[in-house]
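Q: Residue-level listing of the chains:
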Amino acid sequence: MVIRYRANEPSVAAETIDGEAVIVNLRSGEYFSASGSGCQVWDWLCQGASVEEIARGLVARYAVQESIAAGAVENFVSDLLAHELLREWPQADPGAVPAAVPSPQETARSEWTLPKLDVYSDMKDLLLLDPIHEVDEAGWPIAKQRAAPSE
Amino acid sequence: VKQRRLARLLPTPQEELLLEAALAGPPKAGAAFSTWLSGIDLSAEISWEVVRLLPLAFHNLRAQGVDAPVLGRFKGVLRRTWYQSQRVMSSTRPSLGCLRAAGIDPLVLDDAALALGCYESAALRPVTRLDLLIGRSEVGSAVGALRRDGWRSRSDGTADDLRFADHISLLGSENAEVRLRWAVLPGDPDPAAARPAAAPLVWLGSIEGGLNPTSQLLRILLRRHHPDDAPSFHWVPDALMVLRKNSSGIEWSGLLATAAAHRLTGLLAQGLGYLSERFGAAIPSGVLTSLARHRATFMERLADTVVVSYASRTPSSPEPLRVEFFRYLERTRRVGNPIRTLIDFSHSLRYRWKLPGRREILPALFRRWGGSSLYFQP
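From first to last, the protein sequence lines are chains A and B. Quick note: the first sequence uses the working numbering, first residue 2, plus one each step. Quick note: the second sequence uses the working numbering, first residue 1175, plus one each step.
These aren't lab readings, by the way, just hints derived from the structure by calculation. Beta carbons: idealized from backbone N, C-alpha and C, even for Gly. There's no promise every hint is true.
To be verified - Which bits of chain A does chain B cover? Going by a derived footprint, with three or more residues having C-beta under 8 Å, they are:
no., segment
1, 9–17
2, 22–30
3, 135–142
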């Protein structure tokens, strides 16, 4: 059975900004970010694509085998579900492949990166950061001399 | 309108560079950005007025392929703006349902209406509170309904509130703020009797009613001098976004008539002229020609004077008396019998300074300024 998903509105707000999906769980206040293939996968998921369709789309875009891509997407979806950012969409037409997902021959393939969800849960501290002076070149919420975000 | 009139309502050259970086097309935006960057010390303190425009600058420059290491930090400002705006909108949105349950149908205006309806992103236009337009007769019951829902307010929506203020503020969890307003512009008819047209706003998958673009444009352009808001150049992107998003949806004749009725055509002329000249805003030539013939009114000249004094005051100093008087005039739009005006103004001061009676005004004046304000010294 094909499972399709959608963003867990209205508890979740999301936007794609300069190749990065930024997501907030409005109930918990947690902030999330997914860039690279993660941004692409989030976009396709929100358009109703299944894991299998997304894996095929990733194969068209990235130098990766379909089984590896499918496993990575499953893990990514598990993360999204665990943080209540995504929910299943039983009303979706199981046969309707979203047009945005490319067919395997469509595009040049670029280097594969795992879809990864960065989680920022210490928002009280992060909001105290001066977004100009206390961040590095990557910008808020990455503080100067700060370790990788907690997951 | 002569250039020297209302000149302080226009952006400074440095602000103009940042506005061009945020709003102009290639190659003007990139060139303006380089010049702006060379003239600013990013390690020094940067005003909120500048910081809040950085997301739009980032968005515009990136779309034009401009790249610079500092843009990473601008993107960070954009991320934070988006997050904070989402939190504010999420915290304040339940007030809409609460008011509807009380039989009140509010219109969303200002921050949220602009972010959702014109910028189409809460990352590009900060949302700091939710402003709602309701009828004057609905204010008391709206405050009551929101209080029962956990919102806190110092005002009850009394006759004095309606007479001497233009909004009532309510605070909710995390200090989220909802402002109930009962006029698009001071002196407008009661929205309950003459409700402005609504424009649909898509908000987290639902449709809400937002203020129509013509009224929103008027509100942006004709409130630039408002004493409640420090002079700011952010009217430029706001007005430009309304025009770009609704190029064919502005009712120009209604816009001109409303500005004339408020005796603020000069403000409109200056604002639209600037947007057309500097940013190529799509404004019909007939409108610009008609506005070019206008001469500044008394209220506009007074606004110019008031803005000067207001802009130069420090945040901790009390408002000059002339600002109070301007605020009163703008709200009542009436200078009739001088005795009656003076009495009415004294009631306004009593309300605004939260005094038990008008006999306390003179002592309050001395307490505030040591008596110097009696001479209307700013």
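Q: Now look at each hint and say whether the structure bears it out.
A: Results of checking the hints against the structure:
no.: 1; hint: 9–17; in the structure: holds (count 4)
no.: 2; hint: 22–30; in the structure: holds (count 4)
no.: 3; hint: 135–142; in the structure: holds (count 7)
When the structure is compared with the earlier hints, no violation turns up for any of them.
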